[in-house]
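K.L.:
Chain residues, written in single-letter form:
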Amino acid sequence: MENAAKTQAAHIIEMSNIHKSFYIGTPQELEILHGIDLTVDEGEFISIVGASGSGKSTLMNIIGALDKQTEGEYLLRGIDVKSADDDHLAEMRNKEIGFVFQNFNLIPRINALKNVELPMLYAGDSTAERTEKARALLEMVEMSDWVTHQPNELSGGQKQRVAIARALANDPAIILADEPTGALDSRTGHLVMDLFHRINRDGKTIVLITHSEELAAETDRQITLKDGKIC
Amino acid sequence: MLIVENFLLALTSLKSNKMRALLTMLGIIIGISSVITIVSIGNSVSKNIENEIKQSGMNNISVSVTARDSGDNESSTYEGPTADDMFSSSSIGDYEREYSSDIKAISYEENIGDGEARMDAGKETQKTVTVDGVNNGYFTMNNVKLLKGRSINKNDDEHSSDVAVIPSSVADALASSNDNLIGQEIRVVFDDKILTYTIVGIYDDSTKSGSMFGGYQSNPTMYIPATAAMDANSSSGIQFFSVMPSSANSASKLSSETESYFKKLYKSNKDFTVDVYNAQKDVNDVMSSINKIKAAIAVIAGIALLVGGIGVMNIMLVSVTERTREIGVRKAIGAKRSHIKTQFIIEAMIICGIGGIIGIILGLTVATIVALKMSLPVAISIPVIIISVMFSMGIGIFFGFYPANKAAKLDPIEALRYE
Ligand SMILES: Nc1ncnc2c1ncn2[C@@H]1O[C@H](COP(=O)(O)OP(=O)(O)OP(=O)(O)O)[C@@H](O)[C@H]1O
Ligand SMILES: [Mg+2]
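Protein sequence lines, in the order shown, are assigned to chains H and B. FYI, in my numbering the residues of the first sequence are 2 to 232. FYI, in my numbering the residues of the second sequence are 812 to 1230.
Don't read these hints as lab results, they were simulated from the structure. Glycine included, C-beta positions come from ideal geometry on N, C-alpha and C. Keep in mind that a hint or two might mislead.
Stated by the list, open to error - Restricting the straight-line Cα-Cα distance to at most 35 Å, the calculated cross-link-like pairs of lysine-lysine (DSBU-like) are:
{"hint": "1", "chain 1": "H", "residue 1": "K83", "chain 2": "B", "residue 2": "K1147"}
{"hint": "2", "chain 1": "H", "residue 1": "K227", "chain 2": "B", "residue 2": "K826"}
{"hint": "3", "chain 1": "B", "residue 1": "K1004", "chain 2": "B", "residue 2": "K1064"}
{"hint": "4", "chain 1": "H", "residue 1": "K69", "chain 2": "B", "residue 2": "K829"}
{"hint": "5", "chain 1": "B", "residue 1": "K1220", "chain 2": "H", "residue 2": "K83"}
{"hint": "6", "chain 1": "B", "residue 1": "K1103", "chain 2": "H", "residue 2": "K134"}
{"hint": "7", "chain 1": "H", "residue 1": "K96", "chain 2": "B", "residue 2": "K826"}
{"hint": "8", "chain 1": "H", "residue 1": "K69", "chain 2": "B", "residue 2": "K1147"}
{"hint": "9", "chain 1": "H", "residue 1": "K134", "chain 2": "B", "residue 2": "K1220"}
{"hint": "10", "chain 1": "H", "residue 1": "K83", "chain 2": "B", "residue 2": "K1152"}
{"hint": "11", "chain 1": "H", "residue 1": "K134", "chain 2": "B", "residue 2": "K1152"}
{"hint": "12", "chain 1": "B", "residue 1": "K826", "chain 2": "H", "residue 2": "K134"}
{"hint": "13", "chain 1": "H", "residue 1": "K134", "chain 2": "B", "residue 2": "K1147"}
{"hint": "14", "chain 1": "H", "residue 1": "K134", "chain 2": "B", "residue 2": "K829"}
As the list claims (entries may be wrong) - To give an idea of the chain H side of the interface with chain B (calculated C-beta under 10 Å), a few residues:
{"hint": "15", "residue": "D88"}
{"hint": "16", "residue": "M93"}
{"hint": "17", "residue": "F100"}
{"hint": "18", "residue": "K115"}
{"hint": "19", "residue": "Y123"}
Kindly generate the complete structure, drawing on both the sequences and the hints.
P.N.:
Have a look at this one:
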């Protein structure tokens, strides 16, 4: 009994027969994902690869509780995402998920520290807690010297490291990275990748979307999407 | 906590677009400053009128005996009021006792005219004086400032005593020193009679009080009891007296009470009735016209404020569109609708709040300059300032609400994909 509960909890992502369609003006409906089954265990580092337009980002948005599937069941840490309301979804994204985007998506006009503090601000942490944790995270990604710099004063690699620090702010269960090295040169890309490996060794589950065969090969498991299906 | 963060964030985002923020604020500044200017100047004018009323005793109620209108009988020969028709010191006394709590003073006069005043014990000169019979209340009502002795009291009035309160200018002219004047006799020579009075008091006439009559030179006035003056004139009664209410607020109430009191008393009198007049009524009319003008201009200023508010809404919508992507990111990292909404409403409130404060400073400055130039009293109304600040904040909330709500409802994915 206890054992069963434990196995249950170990599946951090459980997807069965996920379909996703977009309405592109009635009555047409465009189905992008055609029945995805995916299970990810706690502490795994998986990569999703596939051609452009195969539905990788679409799948990632569903995993990240930014979007809802049209059909099928998705449990994030045992919680049915589809039945959650807007604010509950926001809370799940805030506590359970850390996003890393291809184009960094730091908030302009506020410095690196404030950017890292933001998820904690929305979680309701005190100023002192936020500052302390944000500083520690920036140190971890080796950005201590750029704490007061604004995004437009940072290089791409530096921005991505700040973004990773921000993704880790609320100590989420999963890091979702959609082509995090896509806008970086290969050397910087490898540095970012090393960072992911370190984070993974610290116990975080990571889902990485990438076009690089080389980077995908470094992960525990590769999932290939083709025309909205896992193959 | 979020409020502080949002406040700082809003300031940074306004700073990064200074010109736009300033132009947006301009509408609020113009609206608020015109409201403040108009209300302040209006208050200055009202206050000025109030001051003038206080000074000129416009609160006072005039009571006079007048002939009844007998429209049907034009040919009837007019006869003046007889003793029965007129007031006497005792009938006025009755009235005063009836409303004693509302009355501060009652004053009536009987003027004898001009004569030459002399003193046996004084210098060998004479001085032209106006002899005016007054009652005790006259001194209160006209703020007569006694230098020595006493005023005409009730006892003098009742007994028609031959006593006088003389002006300091006459005392100076007729005696070398006014130390021993009290108790001395003063004689006034008229064309047809000579009257002698005992001096009981000296009052200060060096500064002519009563700006209403300011300007023309008149003879110094010597006061004797009104009844003594009536005897001297062989007049039969008092046709007119004025009443000073105990407070400005009770004036109109006392006025209507007085009117009904005397109307009842004169009901059976076929020829005469009593007319009660209180300038306060006229003043109230003037005040209400001023208030109407004030309200009309305030409405126009309010429209300016409304236009300013729409400007704020417009710029907030632009701001939301510009920051769609940022909103998407914020949502992705866990911002709830309420977080986003607060952020934009606070931004709108700050625009309006800063605009409001600048507007208040500007409005008060203009109002003060205008008041000083027109030599009106400066009337800065704290409630108006507080209401203005709250009102402009309210505009921020009201006109910021729609854009903020729009931002809060954005779909995170669409917002993130926004180019
Ligand atoms: N909101 C939407 N409305 C309509 N179609 C959409 C929408 N979002 C995605 N699509 C379509 O879904 C398909 C998959 O898109 P997705 O972004 O998931 O691809 P991807 O695998 O991430 O590609 P890439 O590697 O280029 O990022 C595309 O054909 C795209 O046009
Ligand atoms: Mg993609």
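K.L.:
Could you work out which earlier hints the structure fails to respect and list their numbers in ascending sequence?
P.N.:
The structure conflicts with hints 2, 3, 4, 6, although it agrees with all the remaining ones.
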